[in-house]
Amino acid sequence: MTANPAGWRPTAPANEEGEARTVTGNRALMLEEALLFEIGGLDQTGVDIVEAPQRPTRLGGLERNREIGLPGLSEPEAVRHYTRLSRQNYAIDLGLFPLGSCTMKHNPRLNEKVARMPGFADVHPLQPRETVQGALEVINELAFWLIDLTGMHGVAMSPKAGAHGELCGLLCIRAALEARGDKREVVLVPESAHGTNPATAAFAGYRVENIPANSAGRVDLDALKARLGPDVAAVMITNPNTCGLFEPDMKAISDAVHAAGGFVYCDGANFNAIVGKVRPGDLGIDAMHINLHKTFSTPHGGGGPGSGPVVLSEALAPFGPLPYTARTADGVVHLIEEEQADEFSQTHFDGKVQSFGRMVAFHGQMGMFTRALTYILSHGADGLKQVAEDAVLNANYILRSLEDVLDAPFAASGPCMHEAIFSDKGFAEGVSTLDLAKALIDEGYHPMTMYFPLVVHGAMLVEPTETESKATLDQFIAALRSIAERARAGDPTLKAAPIYAPRRRLDETLAARKPVLTYQEPSQAEAAE
Amino acid sequence: MRYLPLSDADRGEMLRVIGASSVDELFRDVPEEVRLSGPVEGLPMHASEMAVERHMAARSRKNMVAGDVPFFLGCGAYKHHIPASVDHLIQRGEYLTSYTPYQPEIAQGTLQMLFEFQTQVARLYGCDVANASMYDGSTAMWEAIGMAARITRRKRSIVSSGVHPHYVSVATTMAKFTGDFLDTSLPELTAETDAERLIAAIDDSTSAVVVQYPDILGRVTDLTPIAEAAHAAGALLIAVVTEPVALGLIRSPGEMGADIVVGEGQSIGVGLQFGGPYVGLFATRDKYVRQMPGRLTGETVDAEGKRGFVLTLSTREQHIRREKATSNICTNSGLCALAFTIHMSLLGEKGLRQLASLNHARACDVAERLAAIPGVELVNDSFFNEFTIKLPVEARPAVHAMVEKGVLGGVSLGRLYPNAAALQNGLVIAVTETATDEDIAALEAALKEVVR
Numbered sequence: 032m033t034a035n036p037a038g039w040r041p042t043a044p045a046n047e048e049g050e051a052r053t054v055t056g057n058r059a060l061m062l063e064e065a066l067l068f069e070i071g072g073l074d075q076t077g078v079d080i081v082e083a084p085q086r087p088t089r090l091g092g093l094e095r096n097r098e099i100g101l102p103g104l105s106e107p108e109a110v111r112h113y114t115r116l117s118r119q120n121y122a123i124d125l126g127l128f129p130l131g132s133c134t135m136k137h138n139p140r141l142n143e144k145v146a147r148m149p150g151f152a153d154v155h156p157l158q159p160r161e162t163v164q165g166a167l168e169v170i171n172e173l174a175f176w177l178i179d180l181t182g183m184h185g186v187a188m189s190p191k192a193g194a195h196g197e198l199c200g201l202l203c204i205r206a207a208l209e210a211r212g213d214k215r216e217v218v219l220v221p222e223s224a225h226g227t228n229p230a231t232a233a234f235a236g237y238r239v240e241n242i243p244a245n246s247a248g249r250v251d252l253d254a255l256k257a258r259l260g261p262d263v264a265a266v267m268i269t270n271p272n273t274c275g276l277f278e279p280d281m282k283a284i285s286d287a288v289h290a291a292g293g294f295v296y297c298d299g300a301n302f303n304a305i306v307g308k309v310r311p312g313d314l315g316i317d318a319m320h321i322n323l324h325k326t327f328s329t330p331h332g333g334g335g336p337g338s339g340p341v342v343l344s345e346a347l348a349p350f351g352p353l354p355y356t357a358r359t360a361d362g363v364v365h366l367i368e369e370e371q372a373d374e375f376s377q378t379h380f381d382g383k384v385q386s387f388g389r390m391v392a393f394h395g396q397m398g399m400f401t402r403a404l405t406y407i408l409s410h411g412a413d414g415l416k417q418v419a420e421d422a423v424l425n426a427n428y429i430l431r432s433l434e435d436v437l438d439a440p441f442a443a444s445g446p447c448m449h450e451a452i453f454s455d456k457g458f459a460e461g462v463s464t465l466d467l468a469k470a471l472i473d474e475g476y477h478p479m480t481m482y483f484p485l486v487v488h489g490a491m492l493v494e495p496t497e498t499e500s501k502a503t504l505d506q507f508i509a510a511l512r513s514i515a516e517r518a519r520a521g522d523p524t525l526k527a528a529p530i531y532a533p534r535r536r537l538d539e540t541l542a543a544r545k546p547v548l549t550y551q552e553p554s555q556a557e558a559a560e
Numbered sequence: 371m372r373y374l375p376l377s378d379a380d381r382g383e384m385l386r387v388i389g390a391s392s393v394d395e396l397f398r399d400v401p402e403e404v405r406l407s408g409p410v411e412g413l414p415m416h417a418s419e420m421a422v423e424r425h426m427a428a429r430s431r432k433n434m435v436a437g438d439v440p441f442f443l444g445c446g447a448y449k450h451h452i453p454a455s456v457d458h459l460i461q462r463g464e465y466l467t468s469y470t471p472y473q474p475e476i477a478q479g480t481l482q483m484l485f486e487f488q489t490q491v492a493r494l495y496g497c498d499v500a501n502a503s504m505y506d507g508s509t510a511m512w513e514a515i516g517m518a519a520r521i522t523r524r525k526r527s528i529v530s531s532g533v534h535p536h537y538v539s540v541a542t543t544m545a546k547f548t549g550d551f552l553d554t555s556l557p558e559l560t561a562e563t564d565a566e567r568l569i570a571a572i573d574d575s576t577s578a579v580v581v582q583y584p585d586i587l588g589r590v591t592d593l594t595p596i597a598e599a600a601h602a603a604g605a606l607l608i609a610v611v612t613e614p615v616a617l618g619l620i621r622s623p624g625e626m627g628a629d630i631v632v633g634e635g636q637s638i639g640v641g642l643q644f645g646g647p648y649v650g651l652f653a654t655r656d657k658y659v660r661q662m663p664g665r666l667t668g669e670t671v672d673a674e675g676k677r678g679f680v681l682t683l684s685t686r687e688q689h690i691r692r693e694k695a696t697s698n699i700c701t702n703s704g705l706c707a708l709a710f711t712i713h714m715s716l717l718g719e720k721g722l723r724q725l726a727s728l729n730h731a732r733a734c735d736v737a738e739r740l741a742a743i744p745g746v747e748l749v750n751d752s753f754f755n756e757f758t759i760k761l762p763v764e765a766r767p768a769v770h771a772m773v774e775k776g777v778l779g780g781v782s783l784g785r786l787y788p789n790a791a792a793l794q795n796g797l798v799i800a801v802t803e804t805a806t807d808e809d810i811a812a813l814e815a816a817l818k819e820v821v822r
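Sequence lines, in order, name chains A and B.
Note that our numbering gives residue 66 to position 35 of the first sequence, counting from 1, and the numbers run on in steps of one.
Note that our numbering gives residue 649 to position 279 of the second sequence, counting from 1, and the numbers run on in steps of one.
Check the hints yourself; a few may be wrong.
Taking lysine to aspartate or glutamate pairs in the DMTMM-like style, the calculated list, with each CA pair at most 20 angstroms apart, reads [stated by the list, open to error]:
| id | chain 1 | residue 1 | chain 2 | residue 2 |
| --- | --- | --- | --- | --- |
| 1 | B | K546 | A | E209 |
| 2 | B | K546 | A | D213 |
| 3 | A | K526 | B | E674 |
| 4 | A | K416 | B | D656 |
| 5 | A | K416 | B | E674 |
| 6 | B | K720 | A | E216 |
| 7 | A | K144 | B | E419 |
| 8 | A | K144 | B | D656 |
| 9 | A | K416 | B | D457 |
| 10 | B | K720 | A | E209 |
| 11 | B | K694 | A | E106 |
| 12 | B | K720 | A | D413 |
| 13 | B | K720 | A | E222 |
| 14 | A | K501 | B | D380 |
| 15 | B | K720 | A | E108 |
| 16 | B | K546 | A | E216 |
| 17 | A | K282 | B | D399 |
| 18 | A | K144 | B | D399 |
| 19 | A | K282 | B | E402 |
| 20 | B | K694 | A | E216 |
| 21 | A | K416 | B | E403 |
| 22 | B | K720 | A | D213 |
| 23 | A | K416 | B | D399 |
| 24 | A | K545 | B | E674 |
| 25 | A | K545 | B | D656 |
| 26 | B | K775 | A | D538 |
| 27 | B | K720 | A | E69 |
Chain A stretches covered by chain B per the calculated footprint, using a threshold of three residues with CB under 8 angstroms from any CB of chain B [what the hints assert, rightly or not]:
| id | stretch |
| --- | --- |
| 28 | 93-104 |
| 29 | 255-266 |
| 30 | 287-300 |
| 31 | 395-401 |
| 32 | 433-441 |
| 33 | 513-524 |
| 34 | 536-543 |
Since the hints were derived computationally from the structure, they do not count as laboratory data.
By construction, the Cβ of each residue, glycine as well, lies at the ideal position given by its N, Cα and C atoms.
Just chain A, with the same shape it has in the complex (with noise of 0.2 angstroms):
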């Protein structure tokens, strides 16, 4: 492989319609950047490494013969490369990023500046205990929160997202049932449901069942009562749910589940709309995720890493994975790893601890837990009450704001919680909801959550979340509008946006049909055609 000697490589030629060319295919401050495999080279490095003195190996004759293909930068070129790249982001430190149900709220640096504390950052996870009492104080302090803002007995902070938090809460649920002999089949899961479940009851070896919403956009009680019995093991409900709503009829629901021997798993992943408000231990609710970077700001950081503590119930306490949290009776928070477990289980839970083992390496997200427990202590008790309650208040005015010109199919039936939904109904034929989304990309924002929840048409799910001011909502209702109106018009131009963008609208199709998953050199993809 040789480096690129021109340091660039410019994708297509400008546009016959009167667009400015450059040579190198940059526009002003919105730069194109090569791939690394083009600018690098195998004998280039960033580091500066010392010579290691020459003495026999002793790799069991497994010496590497071949190159690898890792082209490497000088430390000058990675910094540029990486900074560049990055212009091309879209980032909640940019402005407002209303992706419903998603939760995209001010990162604080502090949180940033407390994680890289040396305590923290740097300690192995295998360190001999006594050499990481500080680390295993923040694991229980911040379990200590979680218990005591939802209302549960154990939480299990090993999860490492939010759908791994909804697999270990199904386990829990089925080491409980099986403890007790039961074999159970079915999870019930409302249409409204995150994708996540569905595909995490099928993972956990259970057969998945649909339960219809109501035309409220709630569960159907009676359809759901009506399918409960002695081959349901769970139902996961969402709540507040994926239509914005709050489900009023919740402890009904956990009432009829626990009445035919079932457990109630929810979908934490809308905490945040709730938090100070309502427990969900209150509501019945036997285990719920809480997504770290939803509820408590953990950087989503372009797709992770997340971090999914699991609240768990009296009921499912005793069972679950290692090393996990409990409170006893006494109300002191332990830590338990494999060793101790027999011990405290002897000693708090009458012997019955029936943990269903491990779920990852090592003891979880600890990076995101100090984030985390930052964060909660910025806010304190007072202060997540005010979260939840500016969350709902912005939403709602959103939802106030545009329901003449955006269809709110629920507007009707109250108010709604963190995030306000509306349709396509009423736009033009041939304008699409992907439509709109592309066109508020050219007014400086990231589209809504689209197409989702499925139960509603074309749908925009719009979530500002409580980090955003008065000003930033009237400006975003300001373009929305203004869109909206174009969408009900039949604006063709809708169909080109966006156009600002660093990139057009991109061929999926394209990328599906013909996977290109890998840089190949130019010579070999010829050679492939």
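Add chain B to chain A, keeping to what the hints say.
Below, chain B without anything else, positioned relative to chain A:
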């Protein structure tokens, strides 16, 4: 409450627009009897930035920091030097505070980075394709076992005794619920691995053979015979790599016939962080790509014909296939993958090879010196930067005794295998480029004293 921009005047005006008399009216769907009237009991009120920072700093100081002491722990998490520019770049808000790249036109930064990451991982592992990262190495291994079961339509995986016990534990947990069967066993403190046992155990019900390379005791062995035996029986070879730096010096699992290669990427760009977040790596052959879990970034063109990147092949994923998806995960370790990619770009082929050579040379040196201590025996014939010694005493108390001397001196096998009597004297020592001559001398002195 410095993170909340609304003023009381704003709140009043917004309630007026909404037509509600109070914010509590917006919570009217929450039944009165469960609605909390005041802040949750037992928790403190909000605190200033300075107060919170002090509180957390006090917790941080209670830990013994790897960078402050002679440090030799490995077993799935490794201390390497991370260039300052890596952490600086991943803290750019455009990366740190962006979402999953569902709107590709304004997420090209993340998508191009992931495409670079996929290419780096595939090449490092000697595979055709890699995904955009997994939670960590242990969950990636479990997903690989599930993927092999889908491909072969068989349910029995034979797991080498050299696989990290926590990884095995994760897989065992999951297997209980999915109906997979895992054939597992404990390692022995010998230079030989269990290759013969693995090969003998393969039959026509075998979905995969799972091996670690280098293994939990640090042993490096040729995977080719195992791959051939597995393929002859219609089974797959899954290789697990917990120390990717090793692949700068030794042959990749893909070259030796592995069908799926998974592992932990923490060594490159990601700090120890007490166990997470880390970054799982996952690569395979082209023909299995539609059975692969996780996200994939692919190249395409935009409406003007310019090259661009999108998330692709999503018909495997949970948000489309629901209960028929290849896995339930809907995220990746985006930011950790970015750290990996930046660090790998800084290293390049040349730097990675130099780094790996230095790790190996230091480890050879330490192994020789420790094996010269009376009563201490080197278990390995082969290793990269991690090896196992057998002490004349139990290793677990020895590790604690070394802590008293200010040395973090390895991982005792007793910590990893609390119930295996035959392993209690084993101590796994990892030596990276961060160990100085003084650190090595301190380890040697401390170990001499504790085994006396």
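- request: Could you tell me which of the hints above the structure violates, numbers in ascending order?
  value: Hints 4, 5, 6, 8, 9, 10, 11, 12, 13, 18, 22, 26, 29, 30, 32 and 33 are the ones this structure does not satisfy, whereas the remaining hints hold.
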